[in-house]
Amino acid sequence: MAAAEMCIDLGDLVGARRHLEGLEGDQPRLLRAKLARWEKDWATADKDLSLIRDPALEGDVRVERAHALLAIRELAGAHGLLQGFPKEGKRSSEARYLEGLALYHLGNKKAAIKVWRALIREAPQDAWVYKADWAYTNAVAGKQVEFSSWGKRVSILKRIGYSGDLNADLKEWPEWQSLPRRARI
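Mapping of the sequence shown onto the numbering used here: position 103 corresponds to residue 130, and the numbering continues sequentially without gaps.
Just so you know, these hints were derived from the structure itself, not from any lab. Hints may be right or wrong, so weigh each one.
Taking lysine-lysine and the BS3-like style, the derived pairs with C-alpha atoms no more than 25 Å apart in a straight line are [claimed, not checked]: (1) K137 with K67; (2) K185 with K198; (3) K141 with K67.
Simulated DEER-style distance windows between Cβ atoms [what the hints assert, rightly or not]: (4) L193 with R100: 15 to 21 Å; (5) A103 with G42: 34 to 40 Å; (6) G42 with A70: 20 to 26 Å; (7) M33 with P82: 22 to 28 Å; (8) G169 with P82: 38 to 44 Å; (9) S77 with L40: 38 to 44 Å; (10) N135 with A30: 18 to 24 Å.
By construction, the Cβ of each residue, glycine as well, lies at the ideal position given by its N, Cα and C atoms.
Generate the whole structure from the sequences, applying the supplied hints.
Here you go:
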């Protein structure tokens, strides 16, 4: 199981699939749904997520469904799934980042900024907090951000800059979201 998860994290989808072969239960179903998300196979993701019964995985299921809903442009549905997500837990910062993203693309920039600001200030730093800080910085400063080592910082984390001038998730519809509406999850 750990090997499959590591493969998914490293982008080795073939290796992950090999490690998950023949495994049953909720945890393998969750990992297969994650794998399906990376492959943009929403029907398979939905099938695996629908079979998960372990209440301890409810947050994981919500986050995976939200990723799919964002990808097929069901922004209100994604926001509804993520609203009120517990602030503790292994995927809470991911959920809160995605909630802000759904709000931003729904046109509620102020609410998105509020969600990201709270996440950045309250959660331990991880990749999702860094993404939230980048999104927050772009949403507040727009394209006028100057990345230098002196002067006023917009970034709550006091970052000098990020890779690229605009968080790709804030573009009108990033490439990873430019998908046909194939499935509803």
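Hint check results:
{"no.": "1", "hint": "K137 with K67", "in the structure": "violated (30 Å)"}
{"no.": "2", "hint": "K185 with K198", "in the structure": "holds (23 Å)"}
{"no.": "3", "hint": "K141 with K67", "in the structure": "violated (30 Å)"}
{"no.": "4", "hint": "L193 with R100: 15 to 21 Å", "in the structure": "holds (20 Å)"}
{"no.": "5", "hint": "A103 with G42: 34 to 40 Å", "in the structure": "holds (36 Å)"}
{"no.": "6", "hint": "G42 with A70: 20 to 26 Å", "in the structure": "holds (23 Å)"}
{"no.": "7", "hint": "M33 with P82: 22 to 28 Å", "in the structure": "holds (25 Å)"}
{"no.": "8", "hint": "G169 with P82: 38 to 44 Å", "in the structure": "holds (42 Å)"}
{"no.": "9", "hint": "S77 with L40: 38 to 44 Å", "in the structure": "violated (21 Å)"}
{"no.": "10", "hint": "N135 with A30: 18 to 24 Å", "in the structure": "violated (41 Å)"}
The structure fails hints 1, 3, 9 and 10 (numbered hints given earlier, in ascending order).
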